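*Asks:* Residue-level listing of the chains:
There are 2 protein chains.
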Amino acid sequence: MGRGVIAEARSGCAINAAVEALGDHWSFLVLRDMIFGDRRYFRELLNGSIEGIASNILSDRLKKLVAAGLLTKEEAVRGRRVRYSLTEAGIQTLPILFALGNWGLDWREGTPELRTRQELMRAEGPAFIEELMDELRVHHLGAPPVERDGPGPLERLEAAYQRAAAKT
Amino acid sequence: MGRGVIAEARSGCAINAAVEALGDHWSFLVLRDMIFGDRRYFRELLNGSIEGIASNILSDRLKKLVAAGLLTKEEAVRGRRVRYSLTEAGIQTLPILFALGNWGLDWREGTPELRTRQELMRAEGPAFIEELMDELRVHHLGAPPVERDGPGPLERLEAAYQRAAAKT
DNA sequence: TCAGAGTGGTTGTATTATGCAATCACTACG
DNA sequence: CGTAGTGATTGCATAATACAACCACTCTGA
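The listed protein sequences derive, respectively, from chains A and B.
Counting along the first sequence from 1, when you hit position 35 you're at 35 in the numbering used here, and nothing is skipped either side.
Counting along the second sequence from 1, when you hit position 125 you're at 125 in the numbering used here, and nothing is skipped either side.
One or more hints might be untrue.
[To be verified] Residues from chain A that face chain B, not an exhaustive set, calculated with beta carbons under 7 Å: (1) A18; (2) V19; (3) H25; (4) F28; (5) L100; (6) Q118; (7) G152; (8) L154.
Note that these hints are calculated values from the structure, not bench results.
No experiment lies behind these values; they were computed from the predicted model shown.
A virtual CB, placed ideally from N, CA and C, is assigned to each residue, including glycine.
Model the full assembly from the supplied sequences, consistent with the hints where possible.
*Replies:* Shown next as structure tokens:
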């Protein structure tokens, strides 16, 4: 594992280290949108966020996530779209987001469509997480495509969302 | 499940809901100390935290965690120790902390003793999480004690820490 | 009985982070 | 050549954080 970056950690605790790296509201939500929403550009993240992030905050978080080794940024040509990619460390935040989502599903309200998505993920279990991590490695790290029959994890997620939305 | 408290959520997303409830540095660390460090009193949390939380911040976070339904507080008799307990919702943040800790173990440095603890948990896998949640239900919710031969999860964690610390 | 330590905090102040709106320099496209 | 889109930055008001001092109360031991 590619350990590194002790940075200015407040302690040697692994939980604290993770919290220091990505422990604020917006960092989690940016990762969520990149992972589950397949958003990779500034404007996509800015307009696509259902919580409405401000552009200066997004700019700041992207910088911090790059500095923390969770994202990479393609060299910026001024005025041209810059693509952000997840690193392996970024991809491996998926189990954290999954755990957060499951907690939210059990203990908070939420829109039915989004609940359905989360329920699908929970129902498919750890295998879904692995499959999605593999797909992210293909898209973000250039790993060789996975052979599969049937729709990929992101497609199944989107389909679940659409099915649920259609019922209203 | 005891769903409730939509509160002033920014969106209907389960991940967002979890992040809103406990998505700041100190909330996570307070939960960590209560769950893994068995600390239940203001002074214990204040002095026991290796990151050094300030008393006004601790006061504020305890209040927020109670309001969010993750902790309960025994009715306060002035000048007498007040005990905080985890609710079921609080206990179920354990998988989140576990996921956070594993990420930190893989991608950040940390003291060898604390790394050993986290490695033990990972090695024992999901069964450890379940066992610890059961023990927390006994201590915090008054559930009937679990039958067990051999040391409980918190004892094994402490033992791993001591073994690692002795090697230095 | 009475000092000293311990209880869960509050208050004040300074510094830092956040949220919002407007703006900027640049490019791609018709 | 103009319009829309790119990734931001700037200024300003408000909120969160950190640090130290302090408070009213209780429990303990001599």
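*Asks:* Each hint: holds or not?
*Replies:* Here is how each hint holds up against the structure:
1. A18: Nearest chain B Cβ about 4 Å off; hint holds.
2. V19: Status holds, d = 5 Å.
3. H25: At 5 Å from the nearest chain B Cβ, H25 (chain A) passes the 7 Å test, so the hint holds.
4. F28: 5 Å, holds
5. L100: Check passed: Cβ of L100 (chain A) comes within 4 Å of chain B, closer than 7 Å.
6. Q118: 5 Å, holds
7. G152: 20 Å, violated
8. L154: At about 16 Å, which exceeds the 7 Å cut-off, the nearest Cβ of chain B leaves the hint on L154 (chain A) violated.
In summary, the structure is inconsistent with hints 7, 8 from the numbered list given earlier, while agreeing with the others.
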